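> Quick note, the sequences are listed as chains A and B, same order.
If you're matching positions, the first sequence starts at 0 in numbering that gives the first Met the number 0 and goes up one per residue.
If you're matching positions, the second sequence starts at 0 in numbering that gives the first Met the number 0 and goes up one per residue.
These are calculated hints, taken from the structure and not from any lab test.
One thing to keep in mind: the hints can contain errors.
Said to hold, decoys possible - As a list, the in silico DSS-like pairs of lysine-lysine whose alpha-carbon atoms are at most 25 Å apart:
(1) A:Lys300 - A:Lys265
(2) B:Lys30 - A:Lys314
(3) A:Lys99 - B:Lys215
(4) B:Lys79 - B:Lys203
Computed from a predicted structure; not experimentally measured.
There are 2 protein chains.
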Amino acid sequence: MPESVLREVQDEMLCLPGAGASLLEISHRDKLFVEILHDAENTLRSLLGVSDDYGVLFMQGGATLQFSAIAANLLRGTGKRAEYLLTGSWGKKAISEAKKEGEAVAIYDAKETNYDRLPGASDYTVSDDAAYLYYCSNETIQGVQFQNEPECPASVPLVSDASSDFLCRPLPVDKYGLLYACAQKNAGPAGVTVVVMRKDLIEKADPSIPGYLYYKNHLDNDSEWNTPPTFAIYVLGKVARWLRDDIGGLAEMEKINREKSSSLYKIIDESGGFYRGHANVECRSLMNVTFNLPSDELTAKFISEAGANRLAALKGHRSVGGIRASIYNAMPREGVDALGQFMADFLSRNG
Amino acid sequence: MPESVLREVQDEMLCLPGAGASLLEISHRDKLFVEILHDAENTLRSLLGVSDDYGVLFMQGGATLQFSAIAANLLRGTGKRAEYLLTGSWGKKAISEAKKEGEAVAIYDAKETNYDRLPGASDYTVSDDAAYLYYCSNETIQGVQFQNEPECPASVPLVSDASSDFLCRPLPVDKYGLLYACAQKNAGPAGVTVVVMRKDLIEKADPSIPGYLYYKNHLDNDSEWNTPPTFAIYVLGKVARWLRDDIGGLAEMEKINREKSSSLYKIIDESGGFYRGHANVECRSLMNVTFNLPSDELTAKFISEAGANRLAALKGHRSVGGIRASIYNAMPREGVDALGQFMADFLSRNG
Ligand SMILES: Cc1ncc(COP(=O)(O)O)c(C=O)c1O
Ligand SMILES: Cc1ncc(COP(=O)(O)O)c(C=O)c1O
Ligand SMILES: [Mg+2]
Ligand SMILES: [Mg+2]
Ligand SMILES: [Mg+2]
Ligand SMILES: [Mg+2]
Numbered sequence: 000m001p002e003s004v005l006r007e008v009q010d011e012m013l014c015l016p017g018a019g020a021s022l023l024e025i026s027h028r029d030k031l032f033v034e035i036l037h038d039a040e041n042t043l044r045s046l047l048g049v050s051d052d053y054g055v056l057f058m059q060g061g062a063t064l065q066f067s068a069i070a071a072n073l074l075r076g077t078g079k080r081a082e083y084l085l086t087g088s089w090g091k092k093a094i095s096e097a098k099k100e101g102e103a104v105a106i107y108d109a110k111e112t113n114y115d116r117l118p119g120a121s122d123y124t125v126s127d128d129a130a131y132l133y134y135c136s137n138e139t140i141q142g143v144q145f146q147n148e149p150e151c152p153a154s155v156p157l158v159s160d161a162s163s164d165f166l167c168r169p170l171p172v173d174k175y176g177l178l179y180a181c182a183q184k185n186a187g188p189a190g191v192t193v194v195v196m197r198k199d200l201i202e203k204a205d206p207s208i209p210g211y212l213y214y215k216n217h218l219d220n221d222s223e224w225n226t227p228p229t230f231a232i233y234v235l236g237k238v239a240r241w242l243r244d245d246i247g248g249l250a251e252m253e254k255i256n257r258e259k260s261s262s263l264y265k266i267i268d269e270s271g272g273f274y275r276g277h278a279n280v281e282c283r284s285l286m287n288v289t290f291n292l293p294s295d296e297l298t299a300k301f302i303s304e305a306g307a308n309r310l311a312a313l314k315g316h317r318s319v320g321g322i323r324a325s326i327y328n329a330m331p332r333e334g335v336d337a338l339g340q341f342m343a344d345f346l347s348r349n350g
Numbered sequence: 000m001p002e003s004v005l006r007e008v009q010d011e012m013l014c015l016p017g018a019g020a021s022l023l024e025i026s027h028r029d030k031l032f033v034e035i036l037h038d039a040e041n042t043l044r045s046l047l048g049v050s051d052d053y054g055v056l057f058m059q060g061g062a063t064l065q066f067s068a069i070a071a072n073l074l075r076g077t078g079k080r081a082e083y084l085l086t087g088s089w090g091k092k093a094i095s096e097a098k099k100e101g102e103a104v105a106i107y108d109a110k111e112t113n114y115d116r117l118p119g120a121s122d123y124t125v126s127d128d129a130a131y132l133y134y135c136s137n138e139t140i141q142g143v144q145f146q147n148e149p150e151c152p153a154s155v156p157l158v159s160d161a162s163s164d165f166l167c168r169p170l171p172v173d174k175y176g177l178l179y180a181c182a183q184k185n186a187g188p189a190g191v192t193v194v195v196m197r198k199d200l201i202e203k204a205d206p207s208i209p210g211y212l213y214y215k216n217h218l219d220n221d222s223e224w225n226t227p228p229t230f231a232i233y234v235l236g237k238v239a240r241w242l243r244d245d246i247g248g249l250a251e252m253e254k255i256n257r258e259k260s261s262s263l264y265k266i267i268d269e270s271g272g273f274y275r276g277h278a279n280v281e282c283r284s285l286m287n288v289t290f291n292l293p294s295d296e297l298t299a300k301f302i303s304e305a306g307a308n309r310l311a312a313l314k315g316h317r318s319v320g321g322i323r324a325s326i327y328n329a330m331p332r333e334g335v336d337a338l339g340q341f342m343a344d345f346l347s348r349n350g
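Isolated chain A (complex conformation):
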């Protein structure tokens, strides 16, 4: 979280300017909150260049609820099949929820190489009449990130889980049918999920799905069909403004993210094989730098010594092992530099 955002939230905690009360106390129907909500939406729209053909929703339930909502809205009752590119852990969870709603098939699955790569256009074929093509733009656990949208026939809506790389770089929204991101990586606090979707697409959904999952309810009511997560939206709006006004937009953010991640990948590549990147070079993530060390003992030593240097949360997921450094937008260059310095030191002492 950018420190300037935390300071503003702190300053306004007892009294939201103009409200005479805390944001935690006013109703979601209060016109001050409605303005905050619209401002958050509009800042996202301007950052991403979202056209009026698309809705921007704020929902609860995390990315996980979207696994079900997408299939309930776009697959249930269509008689079509949904096609998934499985490039890591989150895609696998998503398809298992989709299977409850209809036919969902993995048309690409990188499990044989433990999700270290992404497909090229020749590695899969999307049916012209698929309900949608689903992929995860950045697999958080494996650290593999698509550099461009996967190939997809014009007749098929492209759906993306952008949870862990939303707002890390410009995004061509008009290539998508729907994309979504839980906020807790790059966009704000846990408790709100942004869903961007082509309005015409969700009009066709079956209204007999659970009401909270039915996107049209949220779209028709400007994310106030029921009480939205007011505080999380308020903070997300401030983070979006920070990106626009302090950072200077998503192209600028991407530049910073490239510098930050390159500095770590360089250390990996120049370590003479001591650090081994998990993701293939061409699909390395700007957000999650995953690598292994020569042994479990060295991995444990790395994590414990890093912790003593106030470098926390570096343990890789058990499915990948090793180290995962998550360097989201708000992680300052100094934080990445400190980690790079530690990696170089650790190599010189143990390599």
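Following the hints, position chain B with the ligands against chain A.
Just chain B with the ligands, lined up with the frame of chain A:
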């Protein structure tokens, strides 16, 4: 929101004690957050006297998601029918979601008297093999509150929407199969919903319902099946501690709420018919005081003059009209006294 809670949140915004970072920055798997979550659960358990036979969950999606989740877990696929007591607007919304999951029937509906009353035991009959009996303990819009749990056969789980009177008084949890409350009335900020349920009851649910709706996922993972709404849980924990330590528990809270609400009902009753309470006397709510004035003109005048006196959010819902004063736990006596004073003044000037 109690001011002491807001001040603590403000003090801790940049740095959560022991964390070296803001609560908005740490992972939901960080042991400091896990402690906060368990502490919030345990404080609720001690306030309400919840036994180990019950789970206490923190979910997203608001009370509205529970309308669907309850029916998906307890009705879908059972071949049974769910029975509903309709005593106001929220129960009606709940049954419309349940109908998507199976047979759901209103065995009592007070619509003919515009939801001004509650049923006695002789006004409805619950089937011995109903999937559950559902009611709303306090209908927020109409201001009707059950004084005791409705009669229900021992074979039928009792389910309650306690959103707008949770923690306003002691609650005999062991009479319930399941009860839930969105936090934004009495328990905390918008963005978290507390669900308390008999563990054995939800074991039987169909695992093919959407994963986020399947209670067992949340129960088996201590509300961390996916990322929970960390900030809302953190504030809810502080509100629960305030109730226990500063107020002195739920019996004490009820005493205060009775004093606050009685003072307003007294003005209504002694107004010579100028103020007419919407709810019948025996089912008046401690939380939402609803009443009408002699004309629409006087109602509009009341709301506008009250606003000028910094008494806000008094407009009744269009289905009831008139005035609704919501006097939740955190509303201090002085706030209620100011409203009472204004009501007396307004009567003397317009009565
Ligand atoms: C890419 C991706 N998808 C989905 C999720 C699940 O999000 P949530 O915990 O909000 O359901 C995560 C969380 O880490 C993620 O990184
Ligand atoms: C009794 C009751 N039930 C349900 C709801 C809906 O809650 P939410 O907006 O969190 O879905 C409310 C909200 O005001 C309520 O008062
Ligand atoms: Mg809109
Ligand atoms: Mg509400
Ligand atoms: Mg537990
Ligand atoms: Mg997460």
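> Does each hint fit the structure? Answer for all of them.
Now for the hints, and whether the structure bears them out:
Proximity of A:Lys300 to A:Lys265 is assessed by CA-CA distance (about 22 Å); at most 25 Å being required, the pair is judged to hold. Simply put, B:Lys30 and A:Lys314 have alpha-carbon atoms about 14 Å apart, close enough for the 25 Å limit, and the pair holds. At most 25 Å may separate the alpha-carbon atoms for a hinted pair to count; A:Lys99 and B:Lys215 meet this at roughly 17 Å. Our distance criterion of 25 Å between C-alpha atoms is met by B:Lys79 and B:Lys203, whose separation comes to about 13 Å.
Going down the numbered hints, you'll see the structure goes against none, and every one checks out.
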